[in-house]
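Asker: Given the coordinates of chain A, assemble chain B onto it according to the supplied hints.
Chains as they are written, first to last, in the numbering used here: chain A, 1 to 313; chain B, 1 to 313.
Worth double-checking, as some hints may not be accurate.
[Unchecked claim] Quick partial rundown of chain A residues pointing at chain B, CB under 7 Å, derived from the structure:
(1) M148
(2) I152
(3) Y183
(4) Y207
(5) D215
(6) I217
(7) A219
(8) P221
(9) V262
(10) N290
(11) T299
(12) Y301
By construction, these hints were calculated from the structure, which means they are not laboratory data.
Nothing here was measured: the structure is a model prediction, and the numbers come from that model.
We put the CB at the ideal spot given by N, CA and C, even for glycine.
There are 2 protein chains.
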Amino acid sequence: MPSLIIVGTVALDNIRTPFGEVRMALGGSAFYAGLSASYWTDVGIMGVVGTDYPEEGFRLLGAHGVDYRGIERSTEKTFSWTGEYTFDLNTAHTLKTDLNCLLSFNPDLPRVYDRCDTLFLANIDPDIQFRVLDTLPVRPSLVVCDTMNFWIENKLTELKRVLSRIDILTINEGEARMLSGQYSLVHAAREIARMGPKTLIVKRGEYGVLVFGKDSIFASPAYPLEEVKDPTGAGDSFAGGLIGYMTSQRKQSDEVLRQGIVIGSAMASFCVSDFSTRGLEGLTKKEIGNRLASFSSLTSYPGLPLLDAGTKG
Amino acid sequence: MPSLIIVGTVALDNIRTPFGEVRMALGGSAFYAGLSASYWTDVGIMGVVGTDYPEEGFRLLGAHGVDYRGIERSTEKTFSWTGEYTFDLNTAHTLKTDLNCLLSFNPDLPRVYDRCDTLFLANIDPDIQFRVLDTLPVRPSLVVCDTMNFWIENKLTELKRVLSRIDILTINEGEARMLSGQYSLVHAAREIARMGPKTLIVKRGEYGVLVFGKDSIFASPAYPLEEVKDPTGAGDSFAGGLIGYMTSQRKQSDEVLRQGIVIGSAMASFCVSDFSTRGLEGLTKKEIGNRLASFSSLTSYPGLPLLDAGTKG
Chain A
1 MPSLIIVGTV ALDNIRTPFG EVRMALGGSA FYAGLSASYW TDVGIMGVVG
51 TDYPEEGFRL LGAHGVDYRG IERSTEKTFS WTGEYTFDLN TAHTLKTDLN
101 CLLSFNPDLP RVYDRCDTLF LANIDPDIQF RVLDTLPVRP SLVVCDTMNF
151 WIENKLTELK RVLSRIDILT INEGEARMLS GQYSLVHAAR EIARMGPKTL
201 IVKRGEYGVL VFGKDSIFAS PAYPLEEVKD PTGAGDSFAG GLIGYMTSQR
251 KQSDEVLRQG IVIGSAMASF CVSDFSTRGL EGLTKKEIGN RLASFSSLTS
301 YPGLPLLDAG TKG
Chain B
1 MPSLIIVGTV ALDNIRTPFG EVRMALGGSA FYAGLSASYW TDVGIMGVVG
51 TDYPEEGFRL LGAHGVDYRG IERSTEKTFS WTGEYTFDLN TAHTLKTDLN
101 CLLSFNPDLP RVYDRCDTLF LANIDPDIQF RVLDTLPVRP SLVVCDTMNF
151 WIENKLTELK RVLSRIDILT INEGEARMLS GQYSLVHAAR EIARMGPKTL
201 IVKRGEYGVL VFGKDSIFAS PAYPLEEVKD PTGAGDSFAG GLIGYMTSQR
251 KQSDEVLRQG IVIGSAMASF CVSDFSTRGL EGLTKKEIGN RLASFSSLTS
301 YPGLPLLDAG TKG
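So that you can see chain A by itself, here it is in the shape it has in the complex:
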């Protein structure tokens, strides 16, 4: 039984960026998150694919030790996202969304897994997120949820029902403002905490993340890469690394959360360095370790010996 279960989309994406283009490429929120988390804990994925889904997708999950018994095979086509990015890689422009087999997806969680330590409700219809959470016989000790503007606009009631029962919400900056009706992120975090999640993680693309806990705020930058080739999946890889690491730790704390944020940021930096999931595939411990060391050097500074010594007069 995997320690971490991830529910979300498994997709075939068509992506164009200033650096190239891929068609019918492996993707989806659960797929990215699962690969990323696989470096830190044992993962099972719940999702659905269609008749056009290539065996390569399963092979890749298998090679990373991801349990994919929870991926159903539909008789329709696989969910597909078509989008492009201009030089401002922070903004995805959706050209087309073909829901296909997602429309009739009704995950039967207990059929495959009946418990887990951690549940990640990756970006998908909040009705599906709720059903999975609701049908688990025992509530996992950590429940994390991701969502997007589309669900805030079109299924707010359903989304709020999910939020009332989770621990951590990851969401992007504009969506945090949309969901809370507050412009100041400090105010937005307070408002969203009232909806349920004790911890809010605000994703800011190339600017990193801001994490609002009960009594503390943590800021972590994105890794400044020479070139971001394809930002698709950055948020899912971030969440996968974060949640995978947290699941691997015996006790949850603000410290473990902060370490997880840095690990998630490192995993996201691998993801965006190449198209589709290529940047996330087959990473070595050494590569991950080096990236984490770079992250540490990116934000550390010597303690400030001031206040009496430093300030004048």
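Answerer: Chain B only, in chain A's frame:
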């Protein structure tokens, strides 16, 4: 003789934000930077004001121990900037710029000061920046320059002449891309280093700063305030705190630079918490110390005990 000399504008600003409005308020690049730096070292300001400039401006500088003998009095009116911000406080919308006495400003530096440890060429016409730098009998050991899109667009040759002789350039994100012709900030930094400055500080408003040195990158967030009331002067206050602190240290190093960046960010957070220079006035050591402690908690995380232990398999 002050250790740090700042050349730049002294202004009377008209500012409107969603949180209020001020008219003929104290401002200007040298004024903000001078107040901010005054908490860390002894400062002298070079600039010009007109007949309409209130005594209050000089009183405020005096109260902060800033030497203002370098501020000339013109028979014209004071330079004035009129601008507004919407809820996206990252972008200033200029409504009017009255150069007034700035047009004939020809600073006679050696008349007042003939040497300094550090020179800060705050945002002003690059011709003026160059003249000041060129007429100092001895080159200061640290020369920092700030500029803006207007000079990149209209006086690029003159600006490049300045850049070829400075140590550190502070510039905002869009301007770094404009000046270098590169979208990736890593590439932009490399390109700008070729123009002269060994260190590039990219200001990203509410997202903080990215600092590119010869062999290292440092990222520092902006302090997440409940409310930013008026972002005017944030960059100047940041630079003032940074440069003031660096000037107070006997030896320059990457460590001192990083500490200075955090101090500058703290000073900027005071600046934007109120209109005009109010947030920067009369701060106590305790207030500054508390803000620096909050900054430290904002970015610190426990070392990662992983790579063998943490990663799977």
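Asker: For every hint, state whether the structure bears it out.
Answerer: The hints, checked one at a time:
1. Taking 7 Å as the C-beta cut-off, the interface hint given for A:M148 is violated, the closest approach to chain B being about 21 Å.
2. With a cut of 7 Å, the hint placing A:I152 at the interface with chain B is violated, because the nearest CB-to-CB distance is about 18 Å.
3. The beta carbon of A:Y183 comes within 5 Å of a beta carbon in chain B, closer than 7 Å, and the hint placing it at the interface holds.
4. Hint status for A:Y207 relative to chain B: holds, with the closest Cβ pair at about 4 Å, below 7 Å.
5. The criterion of a C-beta within 7 Å of any C-beta in chain B is not met by A:D215, whose closest approach is roughly 10 Å, and the hint is violated.
6. Hint status for A:I217 relative to chain B: holds, with the closest Cβ pair at about 6 Å, below 7 Å.
7. With a least beta-carbon distance of about 4 Å to chain B, the hint placing A:A219 at the interface is held under the 7 Å criterion.
8. At its closest, the beta carbon of A:P221 sits 4 Å from a beta carbon of chain B; the interface hint therefore holds under the 7 Å criterion.
9. Against a cut-off of 7 Å between C-beta atoms, the interface hint on A:V262 holds, since the closest Cβ of chain B lies about 6 Å away.
10. Interface hint status for A:N290: violated, as the beta-carbon distance to the closest one in chain B is roughly 9 Å, over 7 Å.
11. The restraint placing A:T299 at the interface with chain B holds, with a minimum CB-CB distance near 5 Å, inside the 7 Å limit.
12. With 7 Å as the threshold, the beta carbon of A:Y301 comes within range of chain B, its nearest partner Cβ sitting at about 4 Å, so the hint holds.
The structure does not agree with the numbered hints 1, 2, 5, 10 stated previously, though it agrees with the rest.
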